Amino acid sequence: MARSGFGDHVLFATDFSEMADNAFTCIEQLAAHGARKVTLVHVQDKTKLEQHLMGRLEEFNDQDRNRLENLREALLKKGASQVKTEVCYGVPFQEITRLIRERNVQLVVMGMQGRGFAGEFFLGSVAQNVARHSIAPVLLVPGSR
Numbered sequence: 001m002a003r004s005g006f007g008d009h010v011l012f013a014t015d016f017s018e019m020a021d022n023a024f025t026c027i028e029q030l031a032a033h034g035a036r037k038v039t040l041v042h043v044q045d046k047t048k049l050e051q052h053l054m055g056r057l058e059e060f061n062d063q064d065r066n067r068l069e070n071l072r073e074a075l076l077k078k079g080a081s082q083v084k085t086e087v088c089y090g091v092p093f094q095e096i097t098r099l100i101r102e103r104n105v106q107l108v109v110m111g112m113q114g115r116g117f118a119g120e121f122f123l124g125s126v127a128q129n130v131a132r133h134s135i136a137p138v139l140l141v142p143g144s145r
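According to my numbering, the sequence shown is numbered sequentially starting from 1.
Any given hint could be a false lead.
Said to hold, decoys possible - In silico lysine-lysine, DSBU-like type, Cα no more than 35 Å apart, as pairs:
no.: 1; residue 1: K37; residue 2: K77
no.: 2; residue 1: K84; residue 2: K46
no.: 3; residue 1: K78; residue 2: K37
Derived from the structure by calculation, the hints contain no laboratory data. Quick caveat: nothing in here was measured; it's all calculated off a predicted structure.
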């Protein structure tokens with residue numbers, strides 16, 4: 001009998017921060033315990049790039065594709081059977097929630113706080129918006145203490 005569950009399709013959203021690295025350990029565990037399909041995604045934040053860095057977008061894309069490929073290889077070694085990578089451009093939470101809908105994602109894993117960490121905040125704006133707008137459950141992983 002076929003079963004459907006959280007491990008059928010997991011999306012991991014990363015900004016390559018330390019918090020995202022902590023969340024990746026959860027993805028590795030899910031892969032080791034039978035997650036069948038994983039999508040690794042990084043969104044180039046248009047609000048940060050538009051003003052002064054658009055000329056370097058392809059450079060950033062290449063660098064981030066390589067980073068995602070390294071994560072992909074790690075998951076394949078852990079036993080994941082299907083791992084896809086995606087680099088998008090836009091407003092991060094909007095691109096992530098779009099992918100959740102379009103790819104029939106059953107679980108989203110991401111760090112609670114990204115690179116824009118400010119000590120007085122407990123939850124980053126991208127994580128908060130994804131959690132609020134996602135049609136799939138979202139696992140927000142805190143940083144190590």
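Hints violated by the structure (listed by number, smallest first): none
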